[in-house]
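Produce the entire structure from the sequences given, and follow the hints as far as they go.
Heads up, the sequence shown stops at 536 in the UniProt record's numbering, and the numbers go up one at a time, no gaps.
None of these hints come from the bench; they were simulated from the model. Glycine included, C-beta positions come from ideal geometry on N, C-alpha and C. Hints may contain errors.
[As the list claims (entries may be wrong)] Between beta-carbon pairs, the in silico distance windows are:
id	residue 1	residue 2	range
1	LYS111	CYS140	12 to 20 Å
2	ASN443	ALA137	46 to 54 Å
3	ARG261	ALA137	37 to 45 Å
4	ARG160	ARG392	57 to 65 Å
5	ALA330	ARG160	50 to 58 Å
6	THR112	ARG261	36 to 44 Å
7	THR316	ASP295	18 to 26 Å
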Amino acid sequence: MTGPTSNSPLITTICDKSKKDHTFPGPNVLLEFRTGAAIPPYDYTGFVATIEFIDDVSTQSASTAATLEVSPYPSIAVQRNLRNDQSCEMTIKSADIKSGHFDLRGMQNWKTNCTIRFEGREPEIVHISLFNYVLKASSCESFIEIYDGPDVRPKDKTKRLCSPVENHARDTNGMFRERQMFVSSGNHMTIFVRRLMANNQNEETEFLDGAYSFFNVLERGTLQPETLCDVNYNGRSSSSRGKLKHPGTEQIFWNVEGQLRCSQNLIPATNQSISIKVISLNKMSSDLCYTECGDNGCRCVKNATSIVDQLYVISTNDDILSCICGDFQAEWLPVTVKSWSPIKLVYSVSKYSWSNKGFEYSAEYSFKDDMVCGYRVINQHTGILESPIMIRDSPLNFYYHQDCTWLLDSNVERHLTIEIGSSQSRPCTAWNISIHEYSERSNDKAGQILYTFCPRDKNATNTLPWQMNIVVIKLRAMTQTPPQYYIKWRSDVDRARLSGSTAHTAAANRSLKLTNNWTILLINIIFVYVKQLKNS
Numbered sequence: 001m002t003g004p005t006s007n008s009p010l011i012t013t014i015c016d017k018s019k020k021d022h023t024f025p026g027p028n029v030l031l032e033f034r035t036g037a038a039i040p041p042y043d044y045t046g047f048v049a050t051i052e053f054i055d056d057v058s059t060q061s062a063s064t065a066a067t068l069e070v071s072p073y074p075s076i077a078v079q080r081n082l083r084n085d086q087s088c089e090m091t092i093k094s095a096d097i098k099s100g101h102f103d104l105r106g107m108q109n110w111k112t113n114c115t116i117r118f119e120g121r122e123p124e125i126v127h128i129s130l131f132n133y134v135l136k137a138s139s140c141e142s143f144i145e146i147y148d149g150p151d152v153r154p155k156d157k158t159k160r161l162c163s164p165v166e167n168h169a170r171d172t173n174g175m176f177r178e179r180q181m182f183v184s185s186g187n188h189m190t191i192f193v194r195r196l197m198a199n200n201q202n203e204e205t206e207f208l209d210g211a212y213s214f215f216n217v218l219e220r221g222t223l224q225p226e227t228l229c230d231v232n233y234n235g236r237s238s239s240s241r242g243k244l245k246h247p248g249t250e251q252i253f254w255n256v257e258g259q260l261r262c263s264q265n266l267i268p269a270t271n272q273s274i275s276i277k278v279i280s281l282n283k284m285s286s287d288l289c290y291t292e293c294g295d296n297g298c299r300c301v302k303n304a305t306s307i308v309d310q311l312y313v314i315s316t317n318d319d320i321l322s323c324i325c326g327d328f329q330a331e332w333l334p335v336t337v338k339s340w341s342p343i344k345l346v347y348s349v350s351k352y353s354w355s356n357k358g359f360e361y362s363a364e365y366s367f368k369d370d371m372v373c374g375y376r377v378i379n380q381h382t383g384i385l386e387s388p389i390m391i392r393d394s395p396l397n398f399y400y401h402q403d404c405t406w407l408l409d410s411n412v413e414r415h416l417t418i419e420i421g422s423s424q425s426r427p428c429t430a431w432n433i434s435i436h437e438y439s440e441r442s443n444d445k446a447g448q449i450l451y452t453f454c455p456r457d458k459n460a461t462n463t464l465p466w467q468m469n470i471v472v473i474k475l476r477a478m479t480q481t482p483p484q485y486y487i488k489w490r491s492d493v494d495r496a497r498l499s500g501s502t503a504h505t506a507a508a509n510r511s512l513k514l515t516n517n518w519t520i521l522l523i524n525i526i527f528v529y530v531k532q533l534k535n536s
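This is the structure in structure tokens:
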């Protein structure tokens, strides 16, 4: 500012990393180091700046250099070269910072219009959450518009908030209200704000503040609509392997308080498997839960009504495959689940707040092409399915989750016989094979269960009712030892039904032959009678 106070006219704003020279006439110049808004969320990480002050270049032979270390709010957006008679233009780039907070209350010199552009890189999207805004003018004279793209164009407008409207992050009881979030379809998003100037200094100026995050979909998955932190990883479009970590560290989580639940859904493609390996995990806060690991996975032992910090893997049916909580044994790590169907890694914090964030963890995932399990349609009348050879991984807590489905359509009206066998002696909870009626009502076509095979049965043969020539066979497993099994089937001819059909046909032929003989005899009698009449 060209004066001794913060109310003096603004000359320039410096907010990038380049080295610049500025000349001011004096006699007074005020340098103000702004480290972010004086409102939460507070997230000071500091920056370093070097400034040289030179009074008179022609006479001064030496300069005074000072290194200033300030604790800023690193992500605050600052307008460039703003004057009292101009609208403000801000561009926030992911190349500079990946997440942060923006607040128009720190930019009171702009008159009516302000544009904030969020510019990400490929393949990033922009995630925005609005915290507080006040628009007091009547009949939409003031407004906030959200655009899905880099420009203010009518076709890209996704939301308009018209005055008079007011929203605060917290209600009168101090509780956070429902979040207002927006996600771009590409790597750009724009906020346009129009306001009326306050009539006097005591009147509150219209404003807006919120948080943003640039979200790399290739590394962090595809953010799901209407969610804060639920993402999908697809086997064919996401990276084949990557790292997973705890959410909740970005400013966009500032207005979250209470229970926080974020899921990372990993979806293998056809003939693919997915593995999740939990590598590290710090102690969770709750003493109301402890972890037990066995052949069927790790499980959280707690009261059914208790809400505790947990990290768990679930199937598409919401069956918990493995769960870690409380003061677990560090030597149990890593815990790995390998599956041939979609699974979710769920991060659940019982009491989250910006000042007291949740527990930390790190994990890895990997998609791999194989044909061990999946959904297959088989039209052969006779055949055999055998468990593939899988070399058991050596880590202690490595688990195989299989949910395989075979639709067996013999396509002939015969007796279908299915034989199932195994050399293992394992409980049904480790793995089992079930035979189901065919049903159009379910997605996998599996209807009522006809029979369930457990490994300890060793061998079982089932002959299905006549004309039941299409069934669904399912294998379910959650175990440290890969299942060993075989499934044989054949379509047998029903001799009794075939004999009955032949006898019926023969009887019909004899009846037809007898009828034909009587017809010929009658014709001959008539012929002889007519001939006698002519001779007489």
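For each hint, the structure was consulted:
Checked against the given bound of 12 to 20 Å, the beta carbons of LYS111 and CYS140, roughly 18 Å apart, stay inside it. Judged by the Cβ atoms, the range 46 to 54 Å given for ASN443 and ALA137 holds: they are separated by roughly 52 Å. Restraint check, ARG261 to ALA137: a C-beta distance of roughly 39 Å satisfies the suggested window 37 to 45 Å. For ARG160 and ARG392, the Cβ-Cβ distance of about 59 Å falls inside the hinted range of 57 to 65 Å, so the restraint holds.
Look at ALA330 against ARG160: about 52 Å separates their beta carbons, and that is inside 50 to 58 Å. The hint said 36 to 44 Å for the Cβ distance between THR112 and ARG261, and at roughly 42 Å that hint holds. Taking the beta carbon of each, THR316 and ASP295 are about 22 Å apart, inside 18 to 26 Å as hinted.
Hint compliance for this structure: no hint is broken.
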